[in-house]
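The whole structure should be built from the sequences, with the hints applied where relevant.
Which chain is which? The protein sequence lines are A and B, in order. First residue of the first sequence? That's 4 in my numbering, and the numbers climb one at a time after it. First residue of the second sequence? That's 9 in my numbering, and the numbers climb one at a time after it.
Just so you know, these hints were derived from the structure itself, not from any lab. C-beta: ideal position from N, C-alpha, C; glycine also. Fair warning: there could be bad hints in the mix.
A short, non-exhaustive set of chain A residues, derived as facing chain B with CB atoms under 7 Å [to be verified]: (1) Tyr50; (2) Thr57; (3) Ala60; (4) Asn63; (5) Val67; (6) Gly70; (7) Met74; (8) Phe76; (9) Thr77; (10) Phe92; (11) Gln94; (12) Asn97; (13) Thr98; (14) Pro102; (15) Ile221.
For lysine to aspartate or glutamate, the following DMTMM-like pairs were computed, each having C-alpha atoms within a straight-line distance of at most 20 Å [as the list claims (entries may be wrong)]: (16) Lys48/A / Asp6/A; (17) Lys176/B / Glu93/A; (18) Lys176/B / Glu22/A.
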Amino acid sequence: MADIVKIATRDSYGKALVEMGATNDKLVVLDADLAAATKTAGFKKAYPDRFFDTGIAESNMMCVAGGLATMGFTVFASTFAMFAAGRAFEQVRNTIGYPHLNVKIGATHAGISVGEDGASHQCCEDIALMRTIPGMTIINPADDVEARQAVYAAAAMDGPVYMRFGRLAVPVIFDESYKFEIGKGAQLVDGTDVTIIATGLMVGEALAAAELLKADGISAAVVNMATIKPIDRDIIVNAANKTGAIVTAEEHNIIGGLGGAVAEVICETVPVPVVRLGVEDTFGRSGPALELLHVFGLDAAHIAEKAKAAVAMKK
Amino acid sequence: MNAAEKKNLQITACKVRMGIIEGVFQAKSGHPGGSLSAADIMTYLYFKVMRVDPQNPKWEDRDRFVLSKGHIAPCLYSVLAQRGFFPVEELKTLRKVDSRLQGHPSMHYTPGVDMSSGSLGQGISTAVGMALGAKIAKKDVRVYTVLGDGEIGEGQVWEAAMYAAAKKLDNLVAVIDNNNLQIDGTLEEVNSPYPIPEKFAAFGWNVVEIDAHDFDQIEDAFAKAAACKGKPTAIVAKSVKGKGVSFMENECKWHGSAPNAEQYEQAMRELNAALAELEG
Numbered sequence: 004m005a006d007i008v009k010i011a012t013r014d015s016y017g018k019a020l021v022e023m024g025a026t027n028d029k030l031v032v033l034d035a036d037l038a039a040a041t042k043t044a045g046f047k048k049a050y051p052d053r054f055f056d057t058g059i060a061e062s063n064m065m066c067v068a069g070g071l072a073t074m075g076f077t078v079f080a081s082t083f084a085m086f087a088a089g090r091a092f093e094q095v096r097n098t099i100g101y102p103h104l105n106v107k108i109g110a111t112h113a114g115i116s117v118g119e120d121g122a123s124h125q126c127c128e129d130i131a132l133m134r135t136i137p138g139m140t141i142i143n144p145a146d147d148v149e150a151r152q153a154v155y156a157a158a159a160m161d162g163p164v165y166m167r168f169g170r171l172a173v174p175v176i177f178d179e180s181y182k183f184e185i186g187k188g189a190q191l192v193d194g195t196d197v198t199i200i201a202t203g204l205m206v207g208e209a210l211a212a213a214e215l216l217k218a219d220g221i222s223a224a225v226v227n228m229a230t231i232k233p234i235d236r237d238i239i240v241n242a243a244n245k246t247g248a249i250v251t252a253e254e255h256n257i258i259g260g261l262g263g264a265v266a267e268v269i270c271e272t273v274p275v276p277v278v279r280l281g282v283e284d285t286f287g288r289s290g291p292a293l294e295l296l297h298v299f300g301l302d303a304a305h306i307a308e309k310a311k312a313a314v315a316m317k318k
Numbered sequence: 009m010n011a012a013e014k015k016n017l018q019i020t021a022c023k024v025r026m027g028i029i030e031g032v033f034q035a036k037s038g039h040p041g042g043s044l045s046a047a048d049i050m051t052y053l054y055f056k057v058m059r060v061d062p063q064n065p066k067w068e069d070r071d072r073f074v075l076s077k078g079h080i081a082p083c084l085y086s087v088l089a090q091r092g093f094f095p096v097e098e099l100k101t102l103r104k105v106d107s108r109l110q111g112h113p114s115m116h117y118t119p120g121v122d123m124s125s126g127s128l129g130q131g132i133s134t135a136v137g138m139a140l141g142a143k144i145a146k147k148d149v150r151v152y153t154v155l156g157d158g159e160i161g162e163g164q165v166w167e168a169a170m171y172a173a174a175k176k177l178d179n180l181v182a183v184i185d186n187n188n189l190q191i192d193g194t195l196e197e198v199n200s201p202y203p204i205p206e207k208f209a210a211f212g213w214n215v216v217e218i219d220a221h222d223f224d225q226i227e228d229a230f231a232k233a234a235a236c237k238g239k240p241t242a243i244v245a246k247s248v249k250g251k252g253v254s255f256m257e258n259e260c261k262w263h264g265s266a267p268n269a270e271q272y273e274q275a276m277r278e279l280n281a282a283l284a285e286l287e288g
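Here's what the structure looks like:
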């Protein structure tokens, strides 16, 4: 068996920025004293004239980004998810979202997989917060290939984007033939009994869960939902019609994230059982990231359990 | 500035004040007090300082303005109307459904509004971003913002102040409309930001202190700002809240309430009398 390559999506983000900077001279990158961690340091080194470190002042950074965007720049503003979506929520809402400016928020260190730093830095609320801002596009890529494409796609579209990246190195599950498109889910596995709709690092776990379920005689489809907003309604409705049960899987609070978005579509279209897997409305804690993911039930085994529960609810 | 120029500015500022009262009266809501205190400075900015083109509001190389104290939108709209961005008559639609004149400035509704604002503390940061953008693009674009003195209680103002000085943004001018009143009382009664000039100086800004209602001093302040290299400029402008309408002057309650019909008539009588005297 070939070795599994693992890359953190924050590295993909940093790499894509450097690549794009070579051809797009309207690209400006901001950071709030975390360039080494968010991986914008590569851009800083390559294009020092278009990189600005605003220091530990995220509220100011988000509004500076808005101001730069009004001057015709495509601005990537980076910090940890906790500060991008949490601390600076109202700045993002009023000075980026309301005027619908061309600011792309590169939020790294999202979710429980931040690991040892613990609950104060493990943001499991960001998708829910960002979803409530009208016109905000939200992308939570699953691996390196998708993350790099997502950065390009965000730069190419007009308007604000929230991109969610992880600290933890995660398996590369797509090859270069994979094509990411904003607003489109991807059917990775076909199945007939239940559909697992996953996002971010849970996509790899969902694929593993489908294998576990197969051994138990359950045919599970897998959908990668990288864009949380605008959500791909068609793929959700098709999944409900075809398999009659859905499990959502995300490294985020079960309230307001992917699970919420999918449930909203399902209850208004094809009401079928939806079982949500995520962080169970609780704060995180310290520990090695991989251990924590198991502790919080964010793995293939737990997805398989939820899938069985969803299948049972069909009867 | 010669006497004729000054008189013209005073006449324009008086008309701006009439537009403020008209809009707030028609809307039955809005913020007249701070609008009136900033009217002279806003008039000077748009008529003497900023390079703008009312026929081409999105002109790429125009100077930029951000109303950080966004609640005085009636003042900005009245100045923009006098400057020719849209008809003065339109001020009567302030805050109404389907109006281009939102309760707080919105760049997508109103010709001449460069940035949406209204949530205090954010506008100065946006202005910093614009000034930085002009520097990156190597454009001779200057950026102006007006803040309330109560607004500078927002911590973000000082994040922005620190960053603007660190980046040596000498194309940025922030006016602090120091009328000494916020919603809950005087600044001292609420949460004193004093001494304001010393605070901006300590953050690395060029600081000019003026009387906000003296056009000679206003002219001098903007000239000093233009001449200053390597630092952003803060103009701390001592003003009178409600300036120009006797019963609104220095009264907290006129921060965010509209005159009734009787009060509207009196305010307009006073402003018309002032205008007649200036034009007389």
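These are the hints, each one checked on the structure:
Because the smallest distance between the Cβ of Tyr50/A and any Cβ of chain B comes to about 11 Å, over 7 Å, the interface hint for this residue is violated. Annotation: Thr57/A was flagged as interfacial toward chain B, and the flag holds, the nearest CB pair being 6 Å apart, inside 7 Å. For the restraint placing Ala60/A at the interface with chain B, the shortest Cβ-Cβ distance is roughly 4 Å, inside the 7 Å limit, so the hint holds. The interface hint given for Asn63/A is met, as the beta carbon of that residue sits about 4 Å from the closest beta carbon of chain B, less than 7 Å.
Taking 7 Å as the C-beta cut-off, the interface hint given for Val67/A holds, the closest approach to chain B being about 4 Å. A least Cβ separation of about 2 Å between Gly70/A and chain B falls short of the 7 Å threshold, and the interface hint therefore holds. Interface hint at Met74/A: satisfied, since its Cβ lies 3 Å from the closest Cβ of chain B, which is below the 7 Å cut-off. Against a cut-off of 7 Å between C-beta atoms, the interface hint on Phe76/A holds, since the closest Cβ of chain B lies about 6 Å away.
With its C-beta approaching chain B no nearer than about 12 Å, Thr77/A sits outside the 7 Å limit, and its interface hint is violated. A least Cβ separation of about 11 Å between Phe92/A and chain B goes past the 7 Å threshold, and the interface hint is therefore violated. The beta carbon of Gln94/A comes within 6 Å of a beta carbon in chain B, closer than 7 Å, and the hint placing it at the interface holds. Because the beta carbon of Asn97/A sits about 4 Å from the nearest beta carbon in chain B, less than 7 Å, this interface hint is met.
The criterion of a C-beta within 7 Å of any C-beta in chain B is met by Thr98/A, whose closest approach is roughly 5 Å, and the hint holds. Here the hint on Pro102/A is kept, as its CB sits about 4 Å from the closest CB of chain B, short of 7 Å. At about 50 Å, the closest approach between the beta carbon of Ile221/A and any beta carbon in chain B exceeds 7 Å, and the interface hint on this residue is violated. Taking the CA atoms of Lys48/A and Asp6/A, the gap is near 32 Å; set against the 20 Å cutoff, the hint is violated.
Under the criterion of a C-alpha separation no larger than 20 Å, the hint pairing Lys176/B with Glu93/A is inconsistent with the structure, at around 27 Å. The hinted pair formed by Lys176/B and Glu22/A fails the criterion: a straight-line CA distance of about 30 Å is larger than 20 Å.
Checked against the numbered hints above, the structure violates hints 1, 9, 10, 15, 16, 17 and 18; every other hint is satisfied.
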